[in-house]
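Participant: From first to last, the protein sequence lines are chains A and B. Taken in order, the first sequence gives residues -7 to 220; the numbers are from my numbering. Taken in order, the second sequence gives residues 648 to 1084; the numbers are from my numbering.
Among the hints, erroneous ones may be present.
Claimed, not checked - No more than 25 Å apart at the CA atoms, straight line, and that leaves these computed lysine to any residue pairs for SDA-like:
| id | chain 1 | residue 1 | chain 2 | residue 2 |
| --- | --- | --- | --- | --- |
| 1 | A | Lys98 | B | Arg898 |
| 2 | A | Lys192 | A | Arg206 |
| 3 | A | Lys98 | B | Ala908 |
| 4 | A | Lys98 | B | Val904 |
| 5 | A | Lys49 | B | Glu1023 |
| 6 | A | Lys192 | B | Gln891 |
| 7 | A | Lys98 | B | Ser889 |
| 8 | A | Lys98 | B | Asp906 |
| 9 | A | Lys98 | B | Gln890 |
As the list claims (entries may be wrong) - Facing chain A, a subset of chain B residues (Cβ under 7 Å, in silico):
| id | residue |
| --- | --- |
| 10 | His871 |
| 11 | Thr875 |
| 12 | Gly882 |
| 13 | Lys947 |
| 14 | Leu982 |
What the hints assert, rightly or not - Among the chain A residues that face chain B by a calculated CB cut under 8 Å, a handful are:
| id | residue |
| --- | --- |
| 15 | Arg3 |
| 16 | Tyr90 |
| 17 | Ala129 |
These are computed hints drawn from the structure, not numbers from a lab. Even for Gly, the Cβ is constructed at its ideal location relative to N, Cα and C.
So the chains spell out like this:
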Amino acid sequence: MRVLLVEDETRVAGFVARGLREHSYAVDVAGDGDAALYQAAVEHYDLVVLDVMLPGKSGHAVCRELRASGFRAPILMLTARDSIDDRVAGLDSGADDYLVKPFDFKELLARLRALSRRSGVPRAEMLQAADLVVNTASHAVTRAGRPISLTAKEYALLEFLLLHRERVVGRELIAQHVWDESFDAFTNIIDVYVKRLRAKIEADGGSRLIHTRRGEGYILSAEPRGRE
Amino acid sequence: MRSLRAQLTAAYLVFFTLLFVAFGAFLYRELARSLTARLDETLASEADTAAVLFPDEMHEMQGDAVAAAREVIGELKLRGDAVVIRDGGRVLAGTDRTKAGPYDRMAVRQVEAGGRAYQLAVWSAGDEIAAELAVVQRVIFVALPVMLAIAALGGYWLAARGLRPLESMAGQARRITGSTLATRIQLDRGSAEVEELAAVFNALLARLDHSFDTMRRFVADASHELRTPVAVIRGEADVALSQQRSAGEYRESLAIVLDEARRVSRLIDDLLNLARADAGHVALHGHSFYLNELVADCCKSVESTAAAKGVAVECLAGADLEFTGDEALLRRLALNLLENAVRYTPAGGKVSAALEQNGSGVRLTVADTGVGIAPEDAARVFERFYRAGEARSRKDGGFGLGLAIVKWIAEAHSGTVDCASEVGRGSKFTVTFPSEG
């Protein structure tokens, strides 16, 4: 899940970005409305967390412009103003949800999960492939009932592959949704992470789940594949 | 409390009762007087006729006074009750006056006949007058209550009509609450007085609305200003505690939390000060001290921040200047002005504080070579939570309360503060205290 965080208060942006990254989100931070609009135009975001009180262009204006340009991903508005009028203005400008500062980080995470479930195909809390089970709320991963410990990035990669299981996903798509803007396309970091992930989920003789499609990318499939 | 409508009706009724009673009494008396006068006239003319006839009859009856008297009485067509003719004390003929009625009247004549003096009297008990007056009295007594009842109804109706606009105003006013202060009293029609009352009421509502609005905005601004640091404190701690971290990471988080907590407590202090000032609770701890030392102190305390930004601080505190006032508050004032000046002055700029005394009072000037304030903002910089321009956002560390506090402190010392500024050239704040600060 790749998130665009639009927040001018550097300290708020700091802890939100850190917390989200630790929960396997790829986070890009934009400090004002124009930067946010530019980022949204050139990158692929699954979610936007948008502060209302921005210098220059307000969050409402940014939200309207994003929607006018055809931006489809869910937008969560973050604000210190909680009057009914403020909420109505936020939702009317095209936001999908509204969270008032100060907030519990758990709540922000839950709302982002809810928003990502709502967008596109309804998504189950539990994702499964063969005997691999992933809980998208707690990020708990088990293979044949045995818990597997993953880093945030490994988890994000696994979740992304599971969401697109039985489909080939290219490296570019993975980079767009699992890595943030600091991703360097000239490294083989995705291959390195896939290798680590395989080592963890296919340890102790588990069947191969993540298959490589040369020249295309990767596919997560429960069915054994011939070509490797 | 009796209703105004009942009171007006009662007053109306009392007034009309008095009027009717006075009118009835006058009518009755005048009628009685005129009826009596007419009776007197009648009796006088009959007495005159009898007085002319009597000597003639005496002559005809060859001096028989009794016979003459009988003739006279017989010939007269009396309207009075009776005639009596006396010779000295002896009644010659007629009926002597027997009963004395309330309107009993009598006309008396002295007549000379045959060398003797006779007395001739025509009289009436006035029964007719009494009967006529009794009829009038009855008419008055019956009419009075009927007329009073009509007057009362009329008075009640008039009072109700006059009070209807007031009732309508009361009904409209009753529906106005803190959230509907924008409504105004509407009157379809009303007298000038009622319309004035409504206008006064509406002006009051407008003032209330305005101060409610100011307060609402203040509360919204204050809560926004408080929420942001609290959000950072909560969020930072929340994220830091969500997993095991290194001591360095914890230290970094704690430093942020501490800094934001300081910020919150500074904001709370400012808000409390302003709230107390609003409530008029702040007692000035006035005593005598050297204002020039205070200004020099304040310059020193902003020097390190200024030096870190590359801003020079010049202090022209001048000679010893004894001043009576609240030292802590005046320190706050000078610091707020200086901190503000440093905050909005870019590297290479200069901030200068000058203290002067002249005949009329003491003047503290804090000038900077900073970003300046646009003229449309200059008038509003003393408003709470007002930050001129977008450049002056929270990142600069201010809340937008500093100058409001400066203004309050200056005014608490019967001083004034004003701001002269030019965009890009810098700003100059001047605080003036009268001689006896």
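Participant: Which hint numbers doesn't this structure obey?
Facilitator: Those not satisfied are hints 13, 14, 16 and 17.
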